[in-house]
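Peer 1: Sequence:
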Amino acid sequence: MTRGGVGTTMKAALITLAVTASMSSLKTAIHGHSSFLKTVKDRYLDGHVTDRLKASSVLSCAQLCLRRTPRCRSINYGEEDGNRICELNDKGLESANLDSSSFVSISGFIFAQLLNLERIVALQPSSKNNHVLPGYVFKRFHTKDWLFCIRACHNEAGCISYNYDRSSGGNGLCELNECGLEVTCDGNGSLKFLMGFLFQQIREEKCYRSCLEIQHYIPGALSGVYKIYPMSNTKPIEVYCDLEIAEGGFSFLPHSLTLRSDAQQVVEVLFKDKKNVLLKLKKKVDGSEWYTLIQPHPNYADIDFGVLVNNYSDYTKPINAFMQKYVFLGILPKSVANTETTQGFRSNGIIVQFVNCDANPNSFFALFPNHHHQLPSDYAEKSGFESKGIAVNWRSHAKAVTSGSLKMPNEFFFLAELHFGGCGCYTSSDRWKKFGYNATAIGIR
1 MTRGGVGTTM KAALITLAVT ASMSSLKTAI HGHSSFLKTV KDRYLDGHVT DRLKASSVLS
61 CAQLCLRRTP RCRSINYGEE DGNRICELND KGLESANLDS SSFVSISGFI FAQLLNLERI
121 VALQPSSKNN HVLPGYVFKR FHTKDWLFCI RACHNEAGCI SYNYDRSSGG NGLCELNECG
181 LEVTCDGNGS LKFLMGFLFQ QIREEKCYRS CLEIQHYIPG ALSGVYKIYP MSNTKPIEVY
241 CDLEIAEGGF SFLPHSLTLR SDAQQVVEVL FKDKKNVLLK LKKKVDGSEW YTLIQPHPNY
301 ADIDFGVLVN NYSDYTKPIN AFMQKYVFLG ILPKSVANTE TTQGFRSNGI IVQFVNCDAN
361 PNSFFALFPN HHHQLPSDYA EKSGFESKGI AVNWRSHAKA VTSGSLKMPN EFFFLAELHF
421 GGCGCYTSSD RWKKFGYNAT AIGIR
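Residue numbers for the sequence shown follow UniProt numbering, beginning at 1 and rising by one.
Treat the hints as calculated values from the structure; they're not laboratory data. Please read all numbers here as calculations on a predicted model, not as lab measurements. Note that the Cβ used here is the ideal one computed from N, Cα and C, for glycine as well. Keep in mind that the hints are not guaranteed to be accurate.
Label-pair distances were calculated between CB atoms; the ranges are [as the list claims (entries may be wrong)]: (1) E156 - S387: 57 to 63 Å; (2) L375 - K407: 43 to 49 Å; (3) D378 - D302: 33 to 39 Å; (4) L375 - K399: 46 to 52 Å; (5) S387 - K192: 52 to 58 Å; (6) N410 - D314: 26 to 32 Å; (7) T342 - R203: 54 to 60 Å; (8) F193 - D430: 33 to 39 Å; (9) F193 - R260: 29 to 35 Å; (10) L64 - Q264: 45 to 51 Å; (11) K399 - I218: 23 to 29 Å; (12) S288 - T342: 47 to 53 Å; (13) D430 - L194: 52 to 58 Å.
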């Protein structure tokens, strides 16, 4: 026999018992078959052993092989001189000729073949010892061995990865995750150190926290609707990702966000660039989409925008707040806007401004999904400020969306209210006459 084969006693038995393995006898010898492992009782693959180790069970031996993929392709497991022996083979049945003497009969030995090896090999970069992916577990149970955890995840269509406690012997905790990672480095903060555990991803689906992550990890990704996971331990959210305009990475917020109890926390995770908010406008007649990048007025370049959900803390109350659910874009907090100064913002780089004539501190956009189809307020309906100045100038600088991306669904367009000043404007999109726009969407990054 080659290096690492069975001992002298077994050598004699091998010579005596070696027989050709026909396909019919192979079928009757199958001992077990899972998604990742097929075992054949009383069989031995000769001539391909690379390592001889000790293992308490055939599954433990298979684990040792799994850790050495792609070099290890199969195992021989049995007893020799009272010791349980695990032999790792660099070939499997796909390489061995079943009608040759290399695949022989030896009573008491078990031959096991790793299945779906290409998938296992491909997933090695998505494995990390002593780490877990917390917050995405949808099922947990105890199992007697690691391979049972792999099998359970493989058999669950919604399982993308798993955490397994290898330190607990025959009672290891197996956690099935609905999420995965692009990479298993600690830099993204998703994996957490936990001694004795193993994290492994078995499917390609990843969990992205934002459209910025999608843009970073999927070069060439197209704008469209994506499911993202801003926070662990909470359900995902579908957003529209604009990955092209103004360097991309914008997550457009859906109506449904306003119904979530954790909506503000979601926004806090997504809203990191507080000097750039992308607004899209939809024309009522043809449904065409236009956009404008909202940025701070040069006089207030050091003041961050605020994005709030169903509240206006630090700003003034929207007139249509009786609708209860809304996304609020604050330009200047009332502590800054309550002065008779020039105020406003930039729309696609163009300064849009007014002089606050009475220190009235309104300075915001409010976007209403109008879940209950209520009539918007008729406040200041006949005001001259609605048809000129800041009320219309910001829309006049909008640019057409010309990329080949799919249009945003209606779920992302809102009834808009603007209120500025003190001699700025009050207007709502149901009353807009110029340019043909009647709905607004908000994207943050």
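Peer 1: Determine for every hint whether it applies to the structure shown.
Peer 2: Here is how each hint holds up against the structure:
1. E156 and S387 have their C-beta atoms about 59 Å apart, which keeps the hinted 57 to 63 Å range intact.
2. In this structure the supplied range 43 to 49 Å is violated for L375 paired with K407, their Cβ-Cβ distance being about 27 Å.
3. Between D378 and D302 the C-beta distance comes to about 37 Å, which sits within the given range of 33 to 39 Å.
4. A hinted range of 46 to 52 Å for the beta carbons of L375 and K399 is inconsistent with their spacing of about 32 Å.
5. The hinted window of 52 to 58 Å between S387 and K192 holds, with their beta carbons roughly 56 Å apart.
6. Hint check: N410 to D314, Cβ distance near 31 Å, so the stated range 26 to 32 Å holds.
7. For the pair T342 and R203, the supplied restraint of 54 to 60 Å holds, since their beta-carbon distance comes to about 55 Å.
8. Restraint check, F193 to D430: a C-beta distance of roughly 53 Å breaks the suggested window 33 to 39 Å.
9. Look at F193 against R260: about 31 Å separates their beta carbons, and that is inside 29 to 35 Å.
10. A C-beta distance of roughly 49 Å is found between L64 and Q264, which places it inside the suggested range of 45 to 51 Å.
11. Between K399 and I218 the beta carbon distance is about 26 Å. The supplied range of 23 to 29 Å therefore holds.
12. The given range of 47 to 53 Å is broken by S288 and T342, whose C-beta atoms sit roughly 33 Å from each other.
13. Against the hinted window of 52 to 58 Å, the Cβ-Cβ separation of D430 and L194 comes to about 53 Å, which satisfies the hint.
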